[in-house]
Amino acid sequence: MTKGLQMKEVTMIYGEGSNQMKALDHVSLSVEPGEFAAVVGPSGSGKSTFLSIAGAMLKASEGEVRLNGNLISTLTEKQLSTIRLKEIGFIMQSSNLVPYLHVLDQLLVVKRMSGTINKEDQQFAMKLLEELGLGQKLRKFPEELSGGEKQRTAIARALMNDPNLILADEPTASLDTKRAHEVVSLMAQEVKSRQKAAIMVTHDERMLAYCDKVYRMNDGILTLAATS
Amino acid sequence: MFLAVKELMHSKLKFLMIIIIFVLIAWLVFILSGLGNGLSTLAASTFKNMKADYVIFEEGSQSSMSKSLLSGQRVPEAEKLPNVDVAAPMGSTMATAMKGESSKNEDKVDIAIIGILPGSFLEPNVLEGQPLSPNNPTGVVVNTSLKDEGFKLRDTFQLDGTTESLTIIGFVENETYNHVASVFTPIDQWRKIAFAAPGSDKGLAEPVNAIMLQGKNIDAAEISNKLSGTDTVTRSEAVQGMPGYKEENGTILMMLAFLLAISAFVLGVFFYVITMQKTNQFGIMKAIGASNKFLSKTIVSQVFVLSVTSILVGILLTYGTAAIMPKGMPFKLETSLVVTYSIILLVIAMLSSLVSVRKITKIDPLKALGRVE
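Chains as they are written, first to last, in my numbering: chain A, 1 to 228; chain B, 229 to 601.
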């Protein structure tokens, strides 16, 4: 059984008839546990569509998506929701935290989505936040955090359910260079130490140094650009 | 519940405003229902309190006391009919009580004279003084509200327009008829008052307005058939037949119905707008794996907490209002009524939140990416 994320010949077509638009054109990629891949490309190249399909939010028109060996391209809406909860950790563009929850609750709510929480969950969340340098900010609300702290909270939240796949969507979009480096290096570090498969969609060429593989997306076609 | 409460605590002002609106609605609903109840009690409590199940009226009298006249000699006849346990005659007439020979405004009080057989099942329990007695035809039992008008036990008052005078021998509680205090008299005395004018009894022997029946399994149609020239109805139908009763209650009920319908929309729109505001947030939560069920529960439990809080505050305010309301106001709160309307309000609020729940299930997790048009 293969681990991580495999996409085979995934094609996504929007629209009907003569209005058809190919957002993804036979995209194949494989990310192993412990591997940190980046997808770069101009806007409109199909990065979002790629991320939505990898993130089990959108179903591809053609092709197979396997997560941890399981075919997820044929699941129902409800099953996809469970996959997102259990198998995928999402790090989105800034300020995608729940505004009325403090940092610790941001993590615990993920656990609550799948049932109740216990002491261990609480300890795991605290340890995770400690690791990401948020030990002093457990009771702070998002509005009291800096951009970097918010993204670090988002990283912790993505790791909370111990997922197999981490997806990051422009995680450095609203950060200055110093904080961006801080956040991405933390991400890379967590990916390695926890053996997660991770994909980061980004514009930010400065961050590619942290990644093991760099893919370029152009008009729906994905090509491997660099391996380190 | 977790998210719901956390959010309530975080945006107190927003939810406080909704609670204020909901409290005002609940308050108005309770006050209106109390007023409606008070009015219908005032109009018919004597009738409602009687331990009678069915009422025999004259045929064609539209279940109205004032339009019906029967001979009291039919009482034993009625009692023999199938399933009838007991039968008793009753008469009613409106009158004015005068304290002495006074011509002052406050010394004239409208009353309803209810003629019954002393000792029959129609006689209410006396709180103070003596019950009616056949040996004392002018001794009457009156509603306690006459005390507020200055009447005391053993007071004698004149009836305006007649030569009759009556003496209060006892007081009863919650006995009003046609919005005025009931005065129970022995039925013979009532006949003297009601049929003072010759011929007004249509020549019937021992005239009465209606015959009240006790008996759980009475078949009204059967009684009407067997007793020629009569109509038998249930007691509640007889209450409905009282002049103005239906109209009065209908008005209040219509106001209540409108109020409840409006509150359903107002609350529904509020919850919907709040949900719309959070579309993006819900999208994010869906992206990180929240199920529709989880998010719907959040909304529903939030509405539940808001509703219960508002209804409870509304109840408190209503009882507070009732305490400072002027005495003459026909306002009567009953626990059962408050509970009923609380449940109705709660159900309405929960139903109105379903519109928001529907919206949630349609939110696309792709919203979280923030780049979808």
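No lab work stands behind these hints, which were simulated from the structure alone. Predicted, not measured: the structure shown is a model, and the values here were computed from it. Just so you know, even glycine gets a beta-carbon here, dropped at the ideal spot from N, CA and C. Among the hints, erroneous ones may be present.
Unchecked claim - On the chain A side, residues computed to face chain B include the following (Cβ under 7 Å): (1) S48; (2) L101; (3) L104; (4) R112; (5) M113; (6) D169.
Hint check:
1. Interface restraint check: A/S48 against chain B, minimum CB-CB distance 5 Å, threshold 7 Å, status holds.
2. For A/L101, the suggested interface contact is upheld, since its CB lies about 6 Å from the closest CB of chain B, less than 7 Å.
3. Given the 7 Å rule on beta carbons, the hint for A/L104 is violated: about 12 Å separates it from the nearest Cβ of chain B.
4. Interface hint status for A/R112: upheld, as the beta-carbon distance to the closest one in chain B is roughly 5 Å, under 7 Å.
5. With its C-beta approaching chain B no nearer than about 5 Å, A/M113 sits inside the 7 Å limit, and its interface hint holds.
6. A distance limit of 7 Å between C-beta atoms decides the matter here; for A/D169 the minimum to chain B is near 6 Å, and the interface restraint holds.
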